[in-house]
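These protein sequence lines map, in sequence, to chains F, X and P. Going by our numbering, the first residue of the first sequence is number 1, and it counts up by one from there. Going by our numbering, the first residue of the second sequence is number 1, and it counts up by one from there. Going by our numbering, the first residue of the third sequence is number 1, and it counts up by one from there.
Keep in mind the hints are simulated off the structure, nothing from the lab. Some hints here could point you the wrong way.
Below are the DSSO-like pairs computed for lysine-lysine, each with C-alpha atoms no more than 27 Å apart in a straight line [said to hold, decoys possible]: (1) 159(F) - 106(F); (2) 410(P) - 137(X); (3) 226(P) - 237(P); (4) 153(X) - 137(X); (5) 356(P) - 341(P); (6) 177(X) - 153(X); (7) 153(X) - 410(P); (8) 277(P) - 137(X); (9) 160(F) - 106(F).
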Amino acid sequence: MGLSPRPETRTVTVDPQSQEGWVTTRLDFLVNWSRANSLWPMPFGTACCAIEFMATAASRFDLARFGMERMSFSPRQADVLICAGRVPFKLAPIIRRIWQQMPQPKWAIAMGACASTGNMFDNYAVVQGIDTIIPVDVYVPGCPPRPEGLMYGIMMLQKKVMNERMSDRSLRDEMEPDPSSQLYLPPSTIDELSEPFGNSVNQTRSGL
Amino acid sequence: MKDGFTPATPGSALQAATPPSTLRQLRHRGGDVNPSAAALRERFGSAISASDVVWGETTVIIEPRRAHEIVRWLHDDPAQQYTYLSDVTAVEFRDPEQPIEVVWHLRSLPFRRFLRLKALLPRGTPLEVDSVWPVFKSADWLERECYDMFGIKFIGHPDLRRILMWEGYREGFPLRKDFPLRGRFSRAEQLRQALAANPEARYSMEELTIAAAFEDLPDEMRARLAGGEKVGE
Amino acid sequence: MANRRTVEVALSTSGLDAQGRPTRRPLSASEDGNVLTMEPPLPMEPGLEGDHMLINIGPQHPATHGVLRLVLELDGETVVRCIPHVGYLHCGFEKTCEYRNYYQIIPWTDREDYLNAPGNNVAYALGAERLFGIDVTPRCEVLRVIAAELSRIMSHLVWLGTTCIDIGAFTPFLWAFQERENIYNLFESWVGARLTTTVTRVGGMAADIPVGWTDQLGTFVRSFPKTVDEIDRMLTKNAIWVGRTIGLGAMSQDEALNYGLSGPLLRAAGVAYDVRKDFPYLGYETYDFEVPVGTNGDVYDRFLVRMEELRQSVRILDQALARLPDGPVNIDDPRVILPPKSKATSEMESMIHHFKQVMEGPRPPAGESYVAVESPKGEKGYYMVSDGTAKPVRWRIRPPSFVNLSAIPKMVEGHLLSDVIAINASIDIVMGEIDR
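Make a model of the complete structure from these sequences and hints.
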């Protein structure tokens, strides 16, 4: 089942001769390096993944070596929203609001299968992946992902942050949901992203 | 320990001091009947329609509109002392002929007994049953959940409204068998309805009695309340 | 002690106006900085005196132990009323499991009370086996006791860590989670998963313990009490801890019973109800352990009860290790147990049996069962109703945290805002179980 292409495609135009001078690239590096190594997480922990997140922050795995030990429970001071756990529909407006309260630059990690796709909660109550509500940068699979898995996801995000360029203005664009429906993807895309796919349909033998 | 404090110990009403042991080799049907079943039949006669023992657990079927009376008696009577309400829930079978059952799980700690009460609500009749909240405060949220998931009204409950789904949830009662697993609306529509539900704009009647806070409520909500909208379902 | 400074505060009024409402007066320090005097009262703005505030805590909040929303009516900083809102983690467990067969439901029990995943697995397996009319092997019983007690320790460690953070002590959180890592290692070497273990099966366990596992468990059992003692030394007689927890959220015996509390909350209130002692399962009556009972039912008593439960769990683990019998872990019942792979790939009969079991799932006779276990949160049980088919008609989770949390309005009345956080932490809620 192919997915329809996302409605917006972003192109980065970088003109090395005139815009990207030596100073700009050094500045880019400095800004990206400081952002990547001090990402203050906003732990939006709901369920089991939150426990593994806490274990990642604890002594054995230690998020402090990534500069992320300062959990920012106020979204106003956070850089990265780590959605750890399943998000039911009742919680959807909350996570949307938290995302909107976070100032740019901000990123989002969908930790665990529930935040990425809805996991085994393919029912009336659960959002089938938080990327239907907020834009996600890194998806970390697992149920729950091992702390090493989460750290790998964080390192992927750090790599993404390091590859950003100040000249790319559209990176810091705030996503605008449609005012009437509050959705930022067209409904057909949401339905397509949410429908069960692949083998999961056949696992339960009830056709559901 | 405080002076003069005695902990309440289960089994205090049992004369014989044999300690309880793990139940093994239980029979599917038949087996030791909980003496409360016979006592209920003697006391309430017509309100008790049947009693059965399945896998060692006694079930007594009672009349829906006498549930409060029966549960109050089970709580107060010194020979019963069912002072602990474990659960209130409902069962809907796949077979449409079978009635919807409201189930109460009661424990008598002094006698170390477990009793299951059931009330049968035939399909097509209004799903109403007595609330046991006046007897057990634990029934508050348990009955609210039963209402939220099945649509069963508990008469006498002080504040029967949805608890797990949000207040304006329009798709129906999820645990009913005619409610599809993925809900009635499309995913996009479910998201739309969910995102439109402003959590701060939904307060219960109890919260609204905090009169001083009326000024702080969102304008949209004040307008709705002024227009006579009732909160909750 | 030398160099003690005494500050005299001169209050000119009782602090209440004619209507008995508190007046708010600004204080100022005099020039030498020692004596504080009251300024003459400023005219108060209308609407500012004596109103109650409506405050919303959550659903996203560092201290709500999940997505719980508390709406508080405050008089100054005193809680007049508390209205909790749950359902922010409602994920349709009960509905979806009506479309899953009895094997497929086991992973769902992990995710529901995720702090006590192995304990939930055990509870579910007991309930499903009751529905099938199965008794498991002695080795399986002891292994389940081990899994359940390890799970109790895991859950209490999270409670300890998060309660300490809520009240302000950060270090015990790290100690608790380090001990949890030791238990994670144990479960990982047993079934491969740290948190969502899925360690039982209907009729047995996922796997037998590997060689050397009992030695690993023995090491843990010997080293863990030292951590408990360390945390005990840090907290139990600590003036800050005692001051923050004593007298909060007290429930009497009758109130606690009537509100349906169970587990450490009920025992701290003085009712000695523990499902392991009163409605035993897995042979708990043959283990020598005590059930701690408190007197006041306040937060401090709950803390003491849970700390003692940690010690008693280690005691049970010790005994279980000593008595672990040899023998098969799964019972020999073709209705629920799959044939060994060697047979399933070589004999036709076994292959067909395997196929039917995996594709359809085991079918219990029509009936119902409710088996309750003592989870770290309280009385936990799964009420299952079968109509003879492979999928349950009704799969109900009796959630101890749900019923425990419903008593929070009673517990926080009259306390301060910061006490609300401490009381909430002491209830030890898991939103996955409350909202399912």
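Tested hints:
1. Under the criterion of a C-alpha separation no larger than 27 Å, the hint pairing residue 159(F) with residue 106(F) is consistent with the structure, at around 15 Å.
2. Restraint check for residue 410(P) and residue 137(X): satisfied, since their Cα atoms lie roughly 11 Å apart, inside the 27 Å limit.
3. Between residue 226(P) and residue 237(P), the direct Cα distance comes to roughly 17 Å. Compliance with the 27 Å bound is thereby established for this hinted pair.
4. Our distance criterion of 27 Å between C-alpha atoms is met by residue 153(X) and residue 137(X), whose separation comes to about 17 Å.
5. Distance check on the hinted pair: residue 356(P) and residue 341(P) sit about 14 Å apart at the alpha-carbon level, within 27 Å; holds.
6. As the CA atoms of residue 177(X) and residue 153(X) are separated by approximately 18 Å, the hinted pair is consistent with the 27 Å bound.
7. Restraint check: the Cα-Cα separation between residue 153(X) and residue 410(P) comes to about 25 Å, which is no more than 27 Å; the hinted pair holds.
8. The hinted pair formed by residue 277(P) and residue 137(X) meets the criterion: a straight-line CA distance of about 25 Å does not exceed 27 Å.
9. Proximity of residue 160(F) to residue 106(F) is assessed by CA-CA distance (about 12 Å); at most 27 Å being required, the pair is judged to hold.
When the structure is compared with the earlier hints, no violation turns up for any of them.
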